[in-house]
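Quick mapping for you: the protein sequence lines, in order, are chains H and X. According to the numbering used here, the first sequence is numbered sequentially starting from 1. According to the numbering used here, the second sequence is numbered sequentially starting from 1.
Worth double-checking, as some hints may not be accurate.
Identical copies look the same in the list; a pair holds intra-copy or inter-copy alike.
As the list claims (entries may be wrong) - Cross-link-like lysine-lysine pairs, in silico, DSSO-like; alpha carbons within 30 Å at most:
#: 1; residue 1: K30; residue 2: K46
#: 2; residue 1: K48; residue 2: K116
#: 3; residue 1: K41; residue 2: K116
#: 4; residue 1: K48; residue 2: K30
#: 5; residue 1: K41; residue 2: K31
Read the hints as simulated data drawn from the structure, not as lab findings.
The primary structure of each chain is shown beneath.
Number of protein chains: 2
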Amino acid sequence: MPLFEHHVFICTNERDESAARPSCALEGSKKLKSAFKDAIKDAGLKHKIRANDSGCLDQCEHGPVVVVYPEAVWYGNVHPGDVEEIVTEHLVGGRPVERLRLADSCLNTDHCPHRKSKGK
Amino acid sequence: MPLFEHHVFICTNERDESAARPSCALEGSKKLKSAFKDAIKDAGLKHKIRANDSGCLDQCEHGPVVVVYPEAVWYGNVHPGDVEEIVTEHLVGGRPVERLRLADSCLNTDHCPHRKSKGK
Numbered sequence: 001m002p003l004f005e006h007h008v009f010i011c012t013n014e015r016d017e018s019a020a021r022p023s024c025a026l027e028g029s030k031k032l033k034s035a036f037k038d039a040i041k042d043a044g045l046k047h048k049i050r051a052n053d054s055g056c057l058d059q060c061e062h063g064p065v066v067v068v069y070p071e072a073v074w075y076g077n078v079h080p081g082d083v084e085e086i087v088t089e090h091l092v093g094g095r096p097v098e099r100l101r102l103a104d105s106c107l108n109t110d111h112c113p114h115r116k117s118k119g120k
Numbered sequence: 001m002p003l004f005e006h007h008v009f010i011c012t013n014e015r016d017e018s019a020a021r022p023s024c025a026l027e028g029s030k031k032l033k034s035a036f037k038d039a040i041k042d043a044g045l046k047h048k049i050r051a052n053d054s055g056c057l058d059q060c061e062h063g064p065v066v067v068v069y070p071e072a073v074w075y076g077n078v079h080p081g082d083v084e085e086i087v088t089e090h091l092v093g094g095r096p097v098e099r100l101r102l103a104d105s106c107l108n109t110d111h112c113p114h115r116k117s118k119g120k
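Start from the sequences, fold in the hints, and give me the full structure.
Written out as structure tokens, the structure reads:
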């Protein structure tokens, strides 16, 4: 079989409510993951696209966070109502949904301006 | 900051011991993830390479399973003793470790010859 055309990782990390940083599960990402699974299945794309739980993607201030590979497109503040657009426009149409993309300046840095705490 | 040069997802899914399919956590993948984290940190590559927990990658008969993006290289039966070679040869040197790669015929299929059960 060919490799997945897209592999969608949805952070479902859950911290204690008192933790210094937020966590995607507390922002509803488990329902988001189910919405991706359902939408991919309903579109008949199960063997082309996989939606996957992931542990912390370390972009916690932007949750729920999603990263799509192999193209390395990062999305933040994604909710179930956004899934159809991501599937139709990005995963099928090849056009990432710009309004949901994380800014490059927030990715892969301890100094994201949205990050208030260095704690876990 | 630039995107991660490599994003390493290590399946840490854990099923009950009586489940129809095996699961990577029961094959030791939590220690494997820690070994990747440590090796990446020790090599000074923390902002270039991220090791991440993932949920089930659905290659359960080949666990512990690892997939590296953006290049979509899949590895199976990976143990902590393999980590240094993957980091040095693949993630730094750009040469995937062929002896650990999953066969294309086992990926993304319900009919992998190693799969005994259709159950979860």
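Numbers of unmet hints, in rising order: none
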